[in-house]
Amino acid sequence: MARITASVYTSHVPAIGAAIDLGKTAEPYWAPLFAGYEPAKAWLEANTPDVIFLVYNDHATAFSLEIVPTFAIGVAAEYPPADEGYGARPVPKVIGHPALASHIAQSVIQDDFDLTIVNRMDVDHGLTVPLSLMCGRPAAWPCPVIPFAVNVVLYPVPSGSRCFQLGRAIRKAVASYDEDLCVQIWGTGGMSHQLHGRRAGLINREFDNAFLDQLIADPAQLARKPHVEYMREAGAEAVELVMWLIARGAMDDAEPGGKAPRVHHRFYHVPASNTAVGHLILENR
Amino acid sequence: MALDKPYLDIPGTTIFDMDESRKGYWLNQFCMSLMKAENRMRFKANERAYLDEWPMTEAQKQAVMARDLGRCIESGGNIYFLGKLGASDGRSFQYMAGSMTGMTEEAYRAMMMGGGRSIEGNRFTGEKK
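Chains as they are written, first to last, in our numbering: chain Z, 1205 to 1489; chain E, -16 to 112.
In case anyone wonders, no lab produced these hints; they're calculated from the structure. Here the structure is a predicted model, which is why all the values come from computation and not from measurement. One should not assume that every hint holds.
[As the list claims (entries may be wrong)] To spell it out: a stretch of chain E is covered by chain Z in this simulated footprint if at least three of its residues, at any positions, have a beta carbon under 8 angstroms from a beta carbon of chain Z; those stretches are:
1. -8 to -2
2. 2 to 12
3. 83 to 96
[As the list claims (entries may be wrong)] Facing chain E, from chain Z, some residues (calculated, C-beta under 10 angstroms):
4. Ala1222
5. Thr1265
6. Ser1268
7. Gln1418
8. Asp1422
9. Ala1424
10. Gln1425
11. Val1432
12. Pro1475
13. Ala1480
From the three backbone atoms N, C-alpha and C, an ideal C-beta is built for every residue, glycine too.
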């Protein structure tokens, strides 16, 4: 049987990808940020899963305004890194896991989450920056990845509780897959940031750290936080954080009687470009 | 009956919702077209002519040509789409975000290095700092 063994949470700021691609990680501006991911890289190397289920959002790359799916699951064999206007990132292509992805879609849709199925898609920094942060610059990514894109660009975006419940459905779907696979689920985006308007540059450390605390200790309650609180307190674009609740809802303790996860690593840093970077690794026991 | 939009009183902030999206559809789709190198070249060669191929409002076209991202946002633009316009000019997201704040590029960068803009006084329109 397949099983979700751990969840990883991280921001996916595009400038981080550029810093890696241009070899700037040792510069004083970036060094403290990348130092915070060193333990995470060591952990992933020692705990490489068979598949990563990667929750992220597309930033007007694969999806323009022509079609905006709220939840979209990639079932393709591979995904090229996208050209977002600066040229494609020089990173490996992303290899998918069509069999597990199709199984999850089959299960989750019958659990009332109406996913969009995607067979062809370029993946942008939302997906590739977390991989770079966790893996560095390998010739190939360490395992297949199932991209799961959430609309957080066009409001209304899905609610925190909808995301949390979706995580539970994903956990159930993975657990019913016959092959003995070790799966990690990653939730990405955030933390504080606002990229537009006179309030651009907003950072709220207190909000972010309270979010991390509650994500660890009481995610079901955190899932009830209304969107406007994210947007008002941590910047309009911080509403991306609802995606972390999908990963959190897929952990054992989201089910009655499930054991609380172990916190393997926690890190917070300001700034990366306009954004506060948060990172967490939770392991099922 | 009007729908509740509890985010309208957040200062200096435009939530890109269904109404904004409707207003900015062609502006954003124009931006999207700049992901193709040949379109970037055509746009750069004659901005006005390229913009006239799109059913955008005159105000949107003027805002694009002036690279006034604040006005682009006001007329329905979304920052992730407008990012394609900035990328065509070789601009970073930090430059683009900073350009809407009324601060210089240096002052904005220094603010971010110092921990970013404080939330105090920035929660509600008309709030006293």
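Comparing the hints with the structure gives:
1. Here's how the stretch -8 to -2 of chain E fares: 6 of its residues keep a CB closer than 8 angstroms to some CB of chain Z, so the rule of at least three is met and the hint holds.
2. Judged by the Cβ-Cβ criterion of 8 angstroms, the stretch 2 to 12 of chain E is covered by chain Z as claimed, because 4 of its residues qualify and three suffice.
3. Proximity of the stretch 83 to 96 of chain E to chain Z, defined as three or more residues with a beta carbon under 8 angstroms from a beta carbon of that chain, is established by the 7 residues found.
4. Hint status for Ala1222 (chain Z) relative to chain E: holds, with the closest Cβ pair at about 8 angstroms, below 10 angstroms.
5. At about 8 angstroms, the closest approach between the beta carbon of Thr1265 (chain Z) and any beta carbon in chain E falls short of 10 angstroms, and the interface hint on this residue holds.
6. The restraint placing Ser1268 (chain Z) at the interface with chain E holds, with a minimum CB-CB distance near 4 angstroms, inside the 10 angstroms limit.
7. Taken as an interface hint, Gln1418 (chain Z) does not check out: its beta carbon lies about 18 angstroms from the nearest beta carbon of chain E, beyond 10 angstroms.
8. Hint on Asp1422 (chain Z) is violated. Least Cβ distance to chain E is approximately 23 angstroms, over the 10 angstroms limit.
9. At a threshold of 10 angstroms, the smallest CB-CB gap from Ala1424 (chain Z) to chain E is about 23 angstroms, leaving the interface hint violated.
10. Below 10 angstroms, beta-carbon pairs count as interface contacts, and Gln1425 (chain Z) has none with chain E, the closest being about 20 angstroms; its hint is therefore violated.
11. At its closest, the beta carbon of Val1432 (chain Z) sits 5 angstroms from a beta carbon of chain E; the interface hint therefore holds under the 10 angstroms criterion.
12. The interface hint given for Pro1475 (chain Z) is met, as the beta carbon of that residue sits about 4 angstroms from the closest beta carbon of chain E, less than 10 angstroms.
13. Below 10 angstroms, beta-carbon pairs count as interface contacts, and Ala1480 (chain Z) has one with chain E at about 7 angstroms; its hint therefore holds.
In this structure, the earlier hints numbered 7, 8, 9 and 10 are contradicted, and the remaining ones agree with it.
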